[in-house]
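S.K.: As a plain string of letters, each chain reads:
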Amino acid sequence: AQTVTQSQPEMSVQEAETVTLSCTYDTSESDYYLFWYKQPPSRQMILVIRQEAYKQQNATENRFSVNFQKAAKSFSLKISDSQLGDAAMYFCACRTQGGSEKLVFGKGTKLTVNP
Amino acid sequence: DAGVIQSPRHEVTEMGQEVTLRCKPISGHDYLFWYRQTMMRGLELLIYFNNNVPIDDSGMPEDRFSAKMPNASFSTLKIQPSEPRDSAVYFCASSSEQVNEQFFGPGTRLTVL
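Respectively, the protein sequence lines represent chains A and B.
Each residue of the first sequence is one higher than the one before, starting from 32 at the first, in our numbering.
Each residue of the second sequence is one higher than the one before, starting from 21 at the first, in our numbering.
Don't take each hint at face value.
What the hints assert, rightly or not - Some chain A residues judged to face chain B by a derived CB distance under 7 Å, without partners named: (1) Q75; (2) M76; (3) L78; (4) E132; (5) K138.
These are computed hints drawn from the structure, not numbers from a lab.
Yeah, the Cβ is synthetic: ideal placement off N, Cα and C, and Gly gets one too.
Using the sequences and the hints given, assemble the complete structure.
M.R.: Structure follows, in structure tokens:
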């Protein structure tokens with residue numbers, strides 16, 4: 032069974048600064064996908080970034096990037112130049128490739144952005 | 021595309037009543053998922069369908085919960101009878117093999133008094 036752990040229930044960052052959210056996972060599969068979802072107060076789940084486990088290069092989407100350490104089973108999210116609109120819950124998730132489309136989520140990290 | 025559509029957005033009911041949540045997936049998506057979100061347990065997968073067929077319902081908490089997908093554009097999640105501990109936000113999501121992403125609906129906030 033897969034597990035996803037987010038050890039930081041809450042984080043805060045100053046506007047324009049950089050923050051890193053941590054995530055570790057456990058899976059016995061060799062082929063899988065990792066995701067970060069954002070959930071603002073509107074509660075809409077929005078995909079921020081995804082990483083295929085077979086790719087060594089870390090994924091980047093504008094101000095969002097990941098640090099994927101496969102051996103350590105670590106998948107952290109870095110937000111650069113933080114904006115007030117980045118304030119939200121952030122969920123890390125894992126999905127194995129083939130045979131199951133199930134997403135397993137971590138418990139989330141609440142990010143506050145201070146002006 | 022309108023995205024995943026869920027109704028109602030909010031539901032308040034009394035213990036013992038039947039509750040039906042509805043979902044319309046994105047056209048062309050062949051996977052549909054039902055999740056439940058609570059403060060205590062986070063986001064949990066309840067059940068998912070592929071081509072209208074239930075594939076994994078191991079997350080359905082008990083027999084009071086049932087889900088159906090009569091066609092590719094509609095699914096329901098029913099709770100009968102409802103209990104206060106069922107209070108949560110229920111999300112529907114859809115995806116396809118061609119798109120490596122699950123698209124979530126806006127959720128239904130259920131309150132059982």
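S.K.: Against each hint, give a clear statement of whether it holds in the structure.
M.R.: Hint check results:
1. Q75: 6 Å, holds
2. M76: 4 Å, holds
3. L78: Constraint on L78(A) satisfied, holds at 5 Å.
4. E132: 5 Å, holds
5. K138: Holds - the Cβ of K138(A) comes within 7 Å of chain B, reaching about 5 Å at its closest.
In terms of the numbered hints stated before, the structure departs from none.
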